[in-house]
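K.L.:
Quick note, the sequences are listed as chains G and X, same order. By the count of numbering that gives the first Met the number 0, the first sequence reaches residue 328 at its end, each step adding exactly one. By the count of numbering that gives the first Met the number 0, the second sequence reaches residue 445 at its end, each step adding exactly one.
These are calculated hints, taken from the structure and not from any lab test. Any given hint could be a false lead.
[To be verified] Short, incomplete list of chain X residues facing chain G, as computed with Cβ under 8 angstroms: (1) Glu323; (2) Gly326; (3) Leu382; (4) Ala383.
[Said to hold, decoys possible] From the structure, some residues in chain X lie toward chain G, with a derived Cβ separation under 7 angstroms: (5) Thr118; (6) Gln331; (7) Asn332; (8) Tyr374; (9) Asp378; (10) Asp379; (11) Ser389.
Bear in mind the structure is a predicted one, so any value in this text is a computation, not a measurement. Heads up, the beta-carbon is just placed ideally off N, CA and C, and yes, glycines get one too.
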Amino acid sequence: MNQKNKVQRMCANALVGACLMAVSLAAFTETAYVSNEKDNTISVIDIDSLSVVETLEVGMRPRGITFNNDFTQLYICASDSDAVQVMDVASRRIVSDLPSGEDPEQFALHPNGRNLYIANEDNAIVTVVDTTSKTVIAQVDVGVEPEGMAVSPDGRWAVNTSETTNMLHWIDTGSHELVDNTLVGQRPRHVEFTNDGGTLWASSEIGGTVTVIRVKDREVLQTIEFKIRGVHRDRIQPVGVKLTKDGRYAFVALGPANHVAVVDAETYKVLDYILVGRRVWHLEFARDEELLLTTNGVSGDVTVVDVDELKAIKTLKVGRYPWGVAVAP
Amino acid sequence: MKITPITRYRREHRRSTAAHGVAGTEPKNESIDRRVRLDPTNAWTAVATLFSAFALAVVPPYVKAQQPAEANQGDAVINIKMLYLEEYQERPPALSNIFPRPEDQGEQGAHLGVADSNTTGRFLRQRYDMSVSRVANQRAALQSARSSVDAGLAFILANVSADTALTLARDSSISGKAVIFNLGSTEDQLRATQCTTGLLHTIPSRAMLTDALAQFLIRRKWQKWLLLTGPQEADKAWVNAINRSAKRFGGKITDERTWSFNTDLRRTAQQELPLFTQARSYDVVLVADEIGDVGEYVSYNTWLPRPVAGTQGLVPVGWHRVLEQWGARQLQNRFQEQAGRTMNDVDYAAWVAVRAIAEAVTRSKSTQPAAVYRYLLSDDFELAAFKGRSLSFRSWNGQLRQPIPLVQPRAMVSQSPQEGFLHPQTELDTLGYDVQETNCSFEKSL
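Same shape as in the complex, but just chain G (with noise of 0.2 angstroms):
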């Protein structure tokens, strides 16, 4: 907002057409990127109009899809094309591709922006990936369907979750050993650590629950479940989790359930449930957490939800079954 007042100030006297394009020019900074699993396709949302400008297609049935540390590359996993492929932001086009194991799913940057560890859904293994010189450093077994992954703020432990072994997996990044196993509830699905590194949240889409754990000697610190009026609790299926960086919410995707849960982050009780589109699948805050975008898998779209009054505000047309988001700066 204050750059797009600096404009405005800066261009009073211009001629008012200039500087209506400077306005737009200063504001077009923040943009979403979605993945279209069924379309090959990225929508690029503009955060500023919520508006859909373009539609980029990629490798086949894309569904991660995370920034680099400097945001100048897009990486996204092209599950049926064996590949993550990079893209350049700035030019909006796909100009590599890392190796990455058959059918990877999701992906987790490691902070030092340079190892990427991926899933690899069809295989029961994890691969890092040296993001640098595009090679393989290591490949880690883990359980049946791994699907979700992420790298602890201080860059410590990745954990991935393993859909049908019903496990999250502990990664040293050091050794790239496997040290510990957590049982969760049925077909975990994601996994996501606070700003602090202090605890992981990690959804289980068929066990309906989403299960805290204390990052420091890993025990469980609490089971989370949903109860939605009017909703079958077997149509509850958390799937993406998000956290405020205040600590103050959680965010989770119930999937078919059509809601996504505002969790209080400190007390785990449950707030609310905004209703967004249908089979609601992974989250992402925009405008410094001002926004949540929300992908809508059957109904093809994305929800903006406005994080103060939690309401969904707006909703976007993108392509078949938007899977991932990812917003830069």
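With chain G held as given, fit chain X onto it using these hints.
P.N.:
Okay, now just chain X, sitting in the frame of chain G:
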């Protein structure tokens, strides 16, 4: 650079189906000795071999496959032993035989279940082994099951006839010492009047299948059904099931016709079937033809232009190759890789039985059949199994609760229970025999 796919090791366990042909062979009493062990150690040796080759080729030498982390439960490996028991069942000749049922149906699903459970088990120091026994008749099945139970195999995956399943479960030297999973028989009586403690069913009953279909037809407002039936016993059982479903959900069977075609209908369907289906009005034609004799030829040949459903056309199934939702694609891929063919309902019933055993062993922390059985039938048990909901066992008859997909050959059309069919406990119990309709003594402990 591409990574060498390493799941290929499963191929090494793929055995030619020809070697398993049962037709025409004598029952072998020693068949129990033909053990097929998916030994995780061997499997991982294979992986490790692949890996070292891979590591030498493309990765610096310090990179190696990490050994699975040892679970902190001491050194003892927990062994869980199972028997896959298959009884040869006569299949009458069918006119439509282009897509025969695979000879290793069921067994391949069980192997995949064992492989999946061992991948999980290595983090928990569990090892699953399965012996395979294929026998020609009930007597041999009983013998095989008895000697296995004596040898400490507490879990029996039974791909046998309804009668044999009952005989096994009621045998004094088996009952109480083993948990039997019925993978092959959809017989309703096994769930309604003959349910037996120790006998669980992972394959859906006929009633579950016809209820699933009936709900869909009612939801589409296709209430008037013309029923065509074949002459087999199984077809009569299917007719009984659909009659029950019609009564439950408000379908109306306007007419019922039994065929006795003794010509080759493949060549004459276009002449015969319009006449056979001639009637003033019906919304849908239902076919009861479990062996697939003439049912395949009904579609597009009906007197009125109406959809065909039942055992052909739109079919309710426990599993089918077209399912890809809820992560099912990963299971289908793994199966295809291992078996070299697609996964069917009996394979799924076998796979899900092994996964249920493994899940119960892990959560109950016991390998004793009594403890595992108790856990399987408790409220705590739930299993994620690619059907979009957690599955569990009905405490009154041991049937696995599960959604039933309705499929056509190349796509899933719907999945029941349908919205709007309510149940006080779970809508999944709108499919099949509910507790009030069951009349038998079934215990939740062995």
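K.L.:
In ascending order, which of the hints set out earlier in this document are inconsistent with the structure?
P.N.:
As far as the earlier hints go, 1, 6, 8, 9 and 10 are violated by this structure, in ascending order.
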